[in-house]
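With the hints as your guide, set chain B onto chain A.
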Amino acid sequence: MSEFADIWTYLAQEPLLWLTATLVAYSIGDALYRAARGNPLANPVLIAVVLLAIVLGVTDTPYPTYFAGAQFVHFILGPATVALAIPLYVNLARVRAVALPMMVALVAGSLTAMLSAIGIAWALGVRGEVLLSLAPKSATAPVALGVSEAIGGSPTLTAVLVILTGITGAVVATPLLNMMKIRDWRARGFAVGVAAHGIGTARAFQVNETAGAFAGVGMGVNALFTAIAAPYIIRLFI
Amino acid sequence: MIRHITVLLCFQLAGEVISRALHLPLPGPVLGMALLLVALLVVPQLAEAIRKTGQALLSHLSLLFVPAGVGVVGHLDKLGTDGLPLMAAILTSTVLSIIVGVWTFLAVARLTGSRDV
Chain A
1 MSEFADIWTY
11 LAQEPLLWLT
21 ATLVAYSIGD
31 ALYRAARGNP
41 LANPVLIAVV
51 LLAIVLGVTD
61 TPYPTYFAGA
71 QFVHFILGPA
81 TVALAIPLYV
91 NLARVRAVAL
101 PMMVALVAGS
111 LTAMLSAIGI
121 AWALGVRGEV
131 LLSLAPKSAT
141 APVALGVSEA
151 IGGSPTLTAV
161 LVILTGITGA
171 VVATPLLNMM
181 KIRDWRARGF
191 AVGVAAHGIG
201 TARAFQVNET
211 AGAFAGVGMG
221 VNALFTAIAA
231 PYIIRLFI
Chain B
1001 MIRHITVLLC
1011 FQLAGEVISR
1021 ALHLPLPGPV
1031 LGMALLLVAL
1041 LVVPQLAEAI
1051 RKTGQALLSH
1061 LSLLFVPAGV
1071 GVVGHLDKLG
1081 TDGLPLMAAI
1091 LTSTVLSIIV
1101 GVWTFLAVAR
1111 LTGSRDV
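One line per chain: the protein sequences are A and B, in this order.
Mapping to our numbering: the first sequence position 130 is 130, numbers consecutive.
Mapping to our numbering: the second sequence position 44 is 1044, numbers consecutive.
Just so you know, these hints were derived from the structure itself, not from any lab.
Bear in mind the structure is a predicted one, so any value in this text is a computation, not a measurement.
Incorrect hints may appear among the rest.
[What the hints assert, rightly or not] Computed footprint of chain A on chain B; a stretch qualifies when at least three of its residues, placed anywhere within it, have a C-beta under 8 angstroms from a C-beta of chain A: (1) 1001-1015; (2) 1018-1028; (3) 1037-1048; (4) 1051-1059; (5) 1064-1072; (6) 1079-1086; (7) 1089-1103.
By construction, the Cβ of each residue, glycine as well, lies at the ideal position given by its N, Cα and C atoms.
Okay, chain A solo, but in the shape it has when bound (with noise of 0.2 angstroms):
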């Protein structure tokens, strides 16, 4: 037994436990994505954070400690936001031609996401900083921080309530929009890129190639929009 803690102790302070069981838990939850048929509930990511999030609650691992080996795949974020330039590349004559349709929607979308999630909050009772942390929640995460510092909001609530409409995204889109029965993939990814970001652009890919190219244009061009708009959308709130 001590030998097995000898083992953990070494273990735990290295970061290839953490980034193996990242790596790991991801595979499960793809493995469980791919049995479920591809059903949006069973979305890899959700899964991946749930089984790592117990992993951790019971070995009391504290999140920095997770994160020294986690970071690598995290790091990775970057270069593959720059690398989303390829789809839209192949695709540019394609984008090009609903250009109009994609600046109105950009407008619509966003305008949409951020009145109704603040009003909402609003007349449920929420108030101050926790509301103005609500108004950048579709933009990607670091234009989100920013844009919530400020305006007056918490950059670590705001982080979270990213991340959570990102899941959300992800999980509703395919079932909506099949309810919806639109069949047009430049339209479904690019609303889904600007509601959701890089987590719905993720979905998207997963989906179909074009989803994502139309989606990764989404999130970049909604990152600009939320930016210039959000301190303007909270002054009807505050």
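Just chain B now, kept in the frame of chain A:
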């Protein structure tokens, strides 16, 4: 493969530097994506070269959000007594935003007669 990753990192770095230097409201990687797109338009051969590595990265984009997602679990208590209203706001606004976005896209595309090419 190393060269492809290097290309992506160089564009991310350029994006970070420009975004910070000019105080732009865009994260470095998003600006890096725009810069890479311009580069691909100028040098089309680059696209064929980095396409496979890019696709490999993007096919597992979901995985890359797991560490941040785990971080959120520890902060769920920050939602505090506002937890339920916030969840209701997020669920409803995300659904509404997708519906409005998709309908607007399709309506304007129909009005302007823009066809898929």
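Consistency of the hints with the structure:
Under a criterion of three residues with beta carbons nearer than 8 angstroms to beta carbons of chain A, the stated coverage of the stretch 1001-1015 of chain B is upheld, 6 such residues being counted. As drawn, the stretch 1018-1028 of chain B meets chain A at 4 residues by the rule of a beta-carbon pair under 8 angstroms; at three or more, the given contact holds. With 4 residues having a beta carbon nearer than 8 angstroms to a beta carbon of chain A, the stretch 1037-1048 of chain B meets the requirement of three or more and the stated coverage holds. Counting residues of the stretch 1051-1059 of chain B whose CB lies closer than 8 angstroms to any CB of chain A gives 7, which reaches the minimum of 3, so the coverage claim holds.
Remark: the stretch 1064-1072 of chain B is confirmed as covered by chain A, as 9 of its residues place a Cβ nearer than 8 angstroms to a Cβ of that chain, reaching the required three. Residues of the stretch 1079-1086 of chain B with a Cβ under 8 angstroms from some Cβ of chain A number 6, which satisfies the need for three, so the listed coverage holds. Only residues whose C-beta sits within less than 8 angstroms of a C-beta in chain A count toward coverage, and the stretch 1089-1103 of chain B has 14 of them, enough to reach three; the restraint holds.
Checked against the numbered hints listed earlier, the structure breaks none of them; every hint is satisfied.
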